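Start from the sequences and build out the full structure, keeping to the hints where you can.
Those protein sequences? They're chains A and B, same order as listed. Residue 67 in my numbering is what sits at position 67 of the first sequence, and the numbering runs on without skipping anything. Residue 73 in my numbering is what sits at position 73 of the second sequence, and the numbering runs on without skipping anything.
A portion of the hints provided could be inaccurate.
Once the Cα atoms are required to be at most 35 Å apart in a straight line, the calculated DSBU-like pairs of lysine-lysine come out as [unchecked claim]: (1) A:57 with B:51; (2) B:51 with A:42; (3) A:57 with B:27; (4) B:44 with A:22; (5) A:71 with B:44; (6) A:57 with B:44; (7) A:42 with B:44; (8) A:58 with B:44; (9) B:62 with A:42; (10) A:58 with B:27; (11) A:71 with B:51; (12) B:71 with A:68; (13) B:71 with A:71; (14) B:62 with A:58; (15) A:58 with B:71; (16) B:71 with A:22.
Computed footprint of chain B on chain A, listed as stretches where at least three residues anywhere in the stretch have a Cβ under 8 Å from a Cβ of chain B [said to hold, decoys possible]: (17) 13-23; (18) 96-105.
Chain B regions said to be covered by chain A (calculated; three or more residues, Cβ under 8 Å) [stated by the list, open to error]: (19) 31-45; (20) 61-70; (21) 74-80.
Keep in mind that the hints were calculated from the coordinates and are not lab data. From a predicted model like this one, the values you see are computed outputs, not experimental measurements. All residues carry an ideal CB built from backbone N, CA and C; glycine is no exception.
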Amino acid sequence: GENVEQHPSTLSVQEGDSAVIKCTYSDSASNYFPWYKQELGKRPQLIIDIRSNVGEKKDQRIAVTLNKTAKHFSLHITETQPEDSAVYFCAAARSNDYKLSFGAGTTVTVRA
Amino acid sequence: NAGVMQNPRHLVRRRGQEARLRCSPMKGHSHVYWYRQLPEEGLKFMVYLQKENIIDESGMPKERFSAEFPKEGPSILRIQQVVRGDSAAYFCASSPQGDEQYFGPGTRLTVT
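See below:
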């Protein structure tokens, strides 16, 4: 099965700085990579996703990059704000069933 | 368009009782996934269903756990004879095609 590793487990950044979270996956057949944000006690929220036919995708302050050869993808948050503080999860799936395999999560704290 | 609904939000059961968790997908979504989240951990896939069909139940324990998604009504995850290790947050997600999955608020099951 798919194994997704996520680093770092915790990340503290100054407001306005950038945050980068990295994930690796093991299944070369995975071709769908979403990122979820989960605030304490709340539901995971889809914030961005990327498919294996593109190398980069951007949505305002959030961007995701994918390196299929290295089986590595990353989330970049620029100009961080206090409301970006949450746990972020990466995930990977094959397009035949989209069963998501999640990383262990990164707790991001943005210091004001 | 209402989001994914789950009920109950909190459920307390004694060891040996049955737990029944319900998930109403977003309107127009025919794909339902169930995930389990243990405290301080990521989400683990349990089962994937489409209307009246179980597509993949490879993440669900063979004993005591079952799931259904009938033609009419919500998807139900049933846990029989609960044990303390079943205590977790159970999330369902729905999708129109499988890829973009939108999560419900979760049911937090506590087994005493």
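Each hint, compared with the structure:
Among the hinted pairs, residue 57 of chain A with residue 51 of chain B is consistent with the structure: their alpha-carbon atoms are about 33 Å apart, no more than 35 Å. Between residue 51 of chain B and residue 42 of chain A, the direct Cα distance comes to roughly 27 Å. Compliance with the 35 Å bound is thereby established for this hinted pair. Distance restraint check for residue 57 of chain A and residue 27 of chain B: the Cα-Cα separation of roughly 28 Å lies within the 35 Å cut-off, and the hinted pair is therefore satisfied. For the suggested pair residue 44 of chain B and residue 22 of chain A, the alpha carbons sit about 19 Å apart, so the restraint of at most 35 Å is met.
Between residue 71 of chain A and residue 44 of chain B, the direct Cα distance comes to roughly 21 Å. Compliance with the 35 Å bound is thereby established for this hinted pair. Taken as a hint, the residue 57 of chain A and residue 44 of chain B pair is honoured in the structure, with Cα atoms around 26 Å apart against an allowance of 35 Å. At most 35 Å may separate the alpha-carbon atoms for a hinted pair to count; residue 42 of chain A and residue 44 of chain B meet this at roughly 17 Å. Among the hinted pairs, residue 58 of chain A with residue 44 of chain B is consistent with the structure: their alpha-carbon atoms are about 27 Å apart, no more than 35 Å.
Our distance criterion of 35 Å between C-alpha atoms is met by residue 62 of chain B and residue 42 of chain A, whose separation comes to about 29 Å. With a CA separation close to 28 Å, the supplied pair residue 58 of chain A and residue 27 of chain B stays within the 35 Å bound. With a C-alpha separation of about 34 Å, the suggested pairing of residue 71 of chain A with residue 51 of chain B holds against the 35 Å cut-off. Distance check on the hinted pair: residue 71 of chain B and residue 68 of chain A sit about 39 Å apart at the alpha-carbon level, beyond 35 Å; violated.
For the suggested pair residue 71 of chain B and residue 71 of chain A, the alpha carbons sit about 39 Å apart, so the restraint of at most 35 Å is broken. Proximity of residue 62 of chain B to residue 58 of chain A is assessed by CA-CA distance (about 41 Å); at most 35 Å being required, the pair is judged violated. The straight-line distance between the Cα atoms of residue 58 of chain A and residue 71 of chain B is roughly 38 Å, outside the 35 Å bound, and the hint therefore fails. Restraint check for residue 71 of chain B and residue 22 of chain A: the C-alpha separation of about 40 Å exceeds 35 Å, so the hint is violated.
Remark: the region 13-23 of chain A is not confirmed as covered by chain B, as 0 of its residues place a Cβ nearer than 8 Å to a Cβ of that chain, below the required three. By the rule of at least three residues with a Cβ nearer than 8 Å to a Cβ of chain B, the coverage given for the region 96-105 of chain A holds, with 9 such residues. Check result for the region 31-45 of chain B against chain A: holds, 8 residues qualifying (beta carbon to beta carbon below 8 Å, three or more required). Counting residues of the region 61-70 of chain B whose beta carbon lies closer than 8 Å to any beta carbon of chain A gives 0, which falls below the threshold of three, so the coverage claim is violated.
Only residues whose beta carbon comes within less than 8 Å of a beta carbon in chain A count, and the region 74-80 of chain B has 0; fewer than three means the coverage is violated.
Consistency with the previously given hints fails for numbers 12, 13, 14, 15, 16, 17, 20 and 21, ordered from lowest to highest.
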